[in-house]
Structure formats: C-alpha cells, structure tokens
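Asker: Chain by chain, the residues run as shown.
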Amino acid sequence: MKILTANLPEPDAGVLSLPNDADPREASLEGIHRVDLHFPKFTDGRAYSQAFWLRRRLGFKGEIRATGDVLIDQLVQMSRCGFNVAVLKAGVDATDAQAQFDRYARFYQADASNPQAIFS
Amino acid sequence: MYQYTEFDRQFVQSRAAQHRDQLTRWQAGKLSDDEFRPLRLQNGWYVQRYAPMLRVAVPYGELSSAQLRVLATIARDFDAPSADLLQQAMATQSQIGQHLPAGAVGHGSAPLPTHYAHFTTRQNVQFNWIPLDKSADVMDLLASVNMHGIQTSGNCIRNITSDERAGIAPDEVADPRPFAEIMRQWSTLHPEFAFLPRKFKIAIIGATEDRAAIGWHDVGLQVVKNEAGELGFKIWVGGGMGRTPLIGSLIREFLPWQQILNYLEAIVRVYNRFGRRDNIYKARIKILVKAEGQRYFDEVEAEFKQIVEHDGGVHTIPESELARISASFVPPPLKAAQQNQANPPSAEATEQALRQAADAEPLFARWLARNVAAHKNPALRAVTLSFKRLGQYPGDASADQLNQLADLVDRFSAGEARVTHDQNILLPWVAAADLQALYQAAKAAGLASPNVHLLSDMIACPGGDFCALANARSLPIAQAITERYQDLDELDDLGEIDLHISGCINSCGHHHSGHIGILGVDKDGKEWYQVTLGGSDGSDLSGAAVPGKVVGPSFASDEVPDVLEAILNTYRDQRAHGENFISTLRRVGHEPFKTAANGARHSTGRSTTHSASASV
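Sequence order for the protein chains is S and A.
Just so you know, we're using the numbering used here here: the first sequence kicks off at 67 and counts up by one.
Just so you know, we're using the numbering used here here: the second sequence kicks off at 336 and counts up by one.
FYI, nobody ran anything at the bench for these hints, they're computed from the structure.
Mixed in with the good hints, there may be bad ones.
Here are the simulated lysine-lysine pairs, PhoX-like style, with alpha carbons at most 25 Å apart [unchecked claim]:
no., chain 1, residue 1, chain 2, residue 2
1, S, Lys-107, A, Lys-617
2, A, Lys-858, A, Lys-929
3, S, Lys-107, A, Lys-929
4, S, Lys-107, A, Lys-365
5, S, Lys-68, A, Lys-365
6, A, Lys-536, A, Lys-617
7, S, Lys-127, A, Lys-929
Chain S is nowhere near these chain A residues, computed Cβ spacing over 10 Å in every case [unchecked claim]:
no., residue
8, Glu-370
9, Ser-479
10, Asn-490
11, Glu-527
12, Ala-626
13, Leu-689
14, Ala-931
The beta-carbon is built from N, C-alpha and C at its ideal position, and this holds for glycine as well.
Generate the whole structure from the sequences, applying the supplied hints.
Answerer: Okay, here's the thing in structure tokens:
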C-alpha cells in the first residue's frame, strides 16, 4: 500500500471522488483510473464496503485511495478491502505504519487482495 | 473444546503484541485518546466509573481449566485498584443512594469487590480494576492460554454466544459449536466490518429449546434440518434490547449450512451501508430492520446472490472444514477410572445410590432437582454451579474460587466448563456416579447453592458500582433481594422465576426478558427503579421472546424489595395448583400484579395510576 502524507489537488478527469453514502455500482467508471473514497471519521466504516465492491464486485483495477480521517491503525484493513493508496490525516506520523503490515502473517478471511479464506 | 492450531495461537499472540504497540504509542502521545479508544475497545478495554474494565472473550461460553487458572491469576495479581483509588471510589459510592434497600444497609461503606472476575450475560468474563498500564501484560497472560479480548467491545461483530448445553443437550438437532467456531474465525478481525454503525451480536443454538435468547440478538441462528434431512439454519435478524426492545424477524426459513458465512456477509454489508449513523440510539440493525422490513430482506437476498454467484462464494464452507473443526468437539473420553472398572455400576445402581443419598441429605436432593440436567449420554449429567449466593454479587468469582472451580472442572468435567448467560458455570461432562462427590466438593467451595432458575438465581449487571453507563446501582438491589429470599422452602415454593436487573437502559442485565425486570433509572440525580412484568428470553419455561411491560412510575430503591414481595404474594394468591409464576401472570393478566406493586410504595407515595410509562 502506498502511504501519502498529503493529498495534492490533481484536477484530473480520470479521478472520481465518491461520498461514503454513494453506491459505487451506480457510478460510471468509464475512463476512471482513480477512485477516492472518504472517511469523514475513522469510526465510520462505510468506505470499506465501497472499496470491497469496487475491487471484487466491479473488478476495478485502478487506484482506490483512502482520504479523510485516515490513521495508521486502519491501514491494514483498508488494504485488505481493496484500497491501495492511503492519504494519512494531516499530522499523523507515518513512522509506525509499516510495522502494522508486518504483524500478521495472514488472516482468517478471504478479502479483496487475497481470495483464499484460511480453509480454502 | 476447540483445539487451537499453531496459526490460531500465533494470531492471538500477534493481537496481544498489537495492543502493546498501540498502548505504547498512546502513552508516548502518538495516539490521541479519541484515536486509542476504539482500538482498546476492540480488545475489550473500557474505562469505567473508577477504573478500566477488561472484557475477556469466552467464545460461546467454553472455558478450559487452564484458562480458569489464568483468569484466577489475573484476578489475584492484577484486579486491584491503588489504595487511593479504592478509597476515592468507596467515598463516592457511599454518597449516592440516600435510601438504600433495608438489606443493603452498609453497602455504601462495604468494600467494592476487588480481585474478582465477573461472568456476564454474554458468557464473557470481566475484570473491574486492572490499570491500563498493566493491560498489555494481562493480554500476554491471556494469550498464553489462547484467550484475548478481541471484539468484546466496539461497533463490530462481538463474541458469538450459544446454548450453555451445546453438544450435550438431549433436544439437540446438531451441535452448534463447530458453526460458532467457524463464525468466530470468520468474524475475527474482519477487515470490512470493524466500524459498523453499532455493535453486532450473534447467538446460535442447535437445540429445539432456545437457551441462548436468540430472538434478542442482532442475528439469531438455529440449526435445523429441512424436509430432505439436510442441515441448515433458520435465521432471524434485528432483535435487541436497549431503549427499543425488539424481537428478531425471520429472514430465512432455511439456509444450507455451507452458505452461512456468505449470508452473514450479506446481512452485515447491507447493515454497514444503510444502518443509521446519525443517532447512536437508532444505530442498531433492529432499527433498520424495523424501518425497512422487506426492503432490507430483499437487499440482503440480492447481495447474498451476488456474493455467491459473482464473487465466487469464497466463504462457502467446505465439508472438509466442518469436519476439521468438528473434530475438536467430540465428547471427551470417560475418565480412566470409569473405563478401567471391571464392573462399572449399572445405570439402575447409580440411580438407586443417588436416590439413597438424596433421601439422606435433603440439600443434595434439592441440588439434584435444581442444578442437574439431563445429558445426551445417559451416563452423564450437565451440572450448574451457582454463583448466586449471599455475600457475593451475581456472577462474581474470587481468585480462590476460580482456582477451586478449575480443580472441580478437572476432577469432574474433563477439564471443560461453560459460562452460562445466567451468570453461572455449567460443567458439561459430569458422570452420574460422581454427582455426590461433586456436590460435596462444590459445597466446600461455596458453589452448591441449590437455586438454579429460582428467584435468587437472578441476573444482575455490575451497575452503578462500577459501570460508567449505569443510572443506578444493581448490586445493592440484588443483595437486598437475595437476603430477603434465603429460605429454600420459600424459594422452592415460588418456583422458577427469571428476575433480571439492569442498572441502565443498555440492558446488560436483560431486564426486558425477565419475568420480573428491574431497570435502574436516574431522576434528579437519585436512583430509581422501573419494574416490568412478563418478559421472556424465549426458553420453554418463558415462551416466545417478548419484552416485559412496565407496572407504573419508577420506585425508590428502598421500595424495590417490597414491590417484589407484593408481586410474589400476588402470584401465591392467584396461582392454580402447580402453576408457575409466568403462567399465572399470563393467565390472570398484569392488573392484580400492578395494583399490588403500586400499593407497596411507601416513599414515593401511593400511586393510583396504572398508566405504563416507558420513561421517567
């Protein structure tokens, strides 16, 4: 997962920004290479389901970017739901981020990046 | 019991290490309080009225003796406030409650229990005094016996509860524990469902009787067989207590067992998307199901179809996985002593010996009648050790008692115990021939009260003595009632009654489902109690799950034992021969009970109004 510390404004027709109550299945992904999903508060988990749908249901191959209240303790689950870029909330120290990815060898469930459950 | 694999062990250890890392970053100021809170909560660490509270997960209530010994160690070595904190807590507690129930006089100055574990209505274990800076050490200790606090709090899929007699009940269609374990693994650190609108509780049974209150859960599952004899689930969704008590709605008459994870994924994903996040009191799935009804069901079915047909149903459970998990749940071998006996006593001889012993010792006879239940294996019994007794609060166990319990569990129950949702401990593998020896040993440990399902076997949450959410204390009420109803003949005469006490509307004490429910409410900074009648948890005794109805305006704390007595006296006056409390209440209606309850007021003034008010 690519971790950014600032989201530079990029006026780009290929970028789609979805509010977290939008249904990604209703969005037109034609010509879109990046979808920004939003966490208004890190405790609002709707964007996880949106990312899962984009990746697994819709087969979106482009970038899925986490924006908003993005903290390092949620990066692993974001990655597992299909996000591949995260923009940390302003002021969050990225130093301890990588250690979060190194902690668990694997998980019980299949997810957007690993199609195998532990029992598969 | 489920046997942890190396992967499972490593996983729990990693989780303990993760908690230590988060604690360290919070202590270093790298995580704010607000950022740390949901992280510690998802490992079971609350901060309560005076101190942190740890909730340890006990998946579907199963505990080994080794785990009990570690819980004992934690109680002994960690469940202690500093002298200053304890003094401050006691001073504060002694200020509240101007009119204590007669039986609880002195409670304010009596020590709050320390060095204790507490069994909860969701089959978990809680500690009340462990300082947060010791939390990582405690998680390491727990991990040493495959225990943790994963998802015992927070807005995620919580610990899955089940029938305390799972795998041993004669009325069972299939053992629900392998499915509970498979669901436990699936829900553990599920990446998509860690920040749901609100908490999410699943209960599963495999028997015909509901002993796990499945109608009261976000999702209730019953293992059933269809007409073709295939195994599957009957599924309810949208039950829950709290401010808006609702019973789950049937969403699926039959789902093949292989599909349960896919179906749960659909249920939770649709909830994650549509559940309300604007109001914490409207955020549970029950509100969504109530508001949307069939539209919610249709969304779930459509999503389930997509998961299976489009996403490939990757969580469809293979036969091999069910077999692998089920292998952990085969009945333990009978004790060597029994196997090696050349001439084991016949069932008749065992029965006769028990009858003789019962005739000789009336208390043992009561215990056999109340605390011992039938088992799938006719040579075995399910025995409930009661944690409801004078001098200790419901569901509390001291460090010494936990160690003694572990010894009993090793000696009499193949090393396995169950936490019951009534806050007792059940031993699932007791030989009928051992009942007398178990009784004597349990009696010596103070765990042989012959009161299971009777009035004094009440449910009570920790309430305002510990909990930050409570509006009023539960424990002094529980204690006052326990003191008033000590006579075993009287308790037997009153028969089976579910008395449930919650210190606030969050309903951890399940007051909605009590035949008699007591709910602590706060008015003008004082403790008041609302009394409800006629609730049911869904067990055979109580009938279909239903919330109780309020008898009238709330009562002062010192009135509560008298109100209860008035209600019970009304039952005695009104009952037909052999009729239990809940049946009498249903037959004659609430009116005479309400009149009696309201007539027992002395400090709130006699009220003639019977209008049920849901709020005060």
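Asker: Taking only the CA atoms, is the gap from Lys-107(S) to Lys-617(A) under or equal to 25 Å?
Answerer: Holds, at roughly 18 Å.
Asker: Say whether it holds or is violated: Ala-626(A) keeps its Cβ farther than 10 Å from all Cβ of chain S.
Answerer: holds (16 Å)
Asker: Any Cβ of chain S at or closer than 10 Å to Asn-490(A), or is the non-interface label fine?
Answerer: About 7 Å separates Asn-490(A) from the closest Cβ of chain S, which leaves it inside 10 Å; violated.
Asker: Lys-107(S) and Lys-365(A): Cα distance at most 25 Å?
Answerer: Between Lys-107(S) and Lys-365(A) the Cα gap is close to 18 Å, so the pair holds against 25 Å.
Asker: Is Lys-536(A) within 25 Å of Lys-617(A), Cα to Cα?
Answerer: holds (16 Å)
Asker: Would you mind confirming whether the straight-line C-alpha gap from Lys-858(A) to Lys-929(A) stays at or under 25 Å?
Answerer: holds (22 Å)
Asker: Going by Cβ atoms, does Ala-931(A) stay more than 10 Å from chain S at every point?
Answerer: holds (47 Å)
Asker: Would you mind confirming whether the straight-line C-alpha gap from Lys-127(S) to Lys-929(A) stays at or under 25 Å?
Answerer: violated (65 Å)
Asker: Going straight from one Cα to the other, do Lys-107(S) and Lys-929(A) come out at no more than 25 Å?
Answerer: Not satisfied, since the Cα-Cα distance of roughly 47 Å exceeds 25 Å.
Asker: Checking a non-interface call: every C-beta of chain S should be farther than 10 Å from the C-beta of Leu-689(A). Is that right?
Answerer: holds (45 Å)
Asker: Examine each Cβ of chain S, and state whether all of them lie more than 10 Å from the Cβ of Glu-527(A).
Answerer: Violated: least Cβ distance 4 Å, not greater than 10 Å.
Asker: Between Lys-68(S) and Lys-365(A), does the CA-CA distance stay at or below 25 Å?
Answerer: Answer holds: Lys-68(S) to Lys-365(A) is near 21 Å, not above 25 Å.
Going through the hint list in order, the structure does not satisfy hints 3, 7, 8, 10 and 11.
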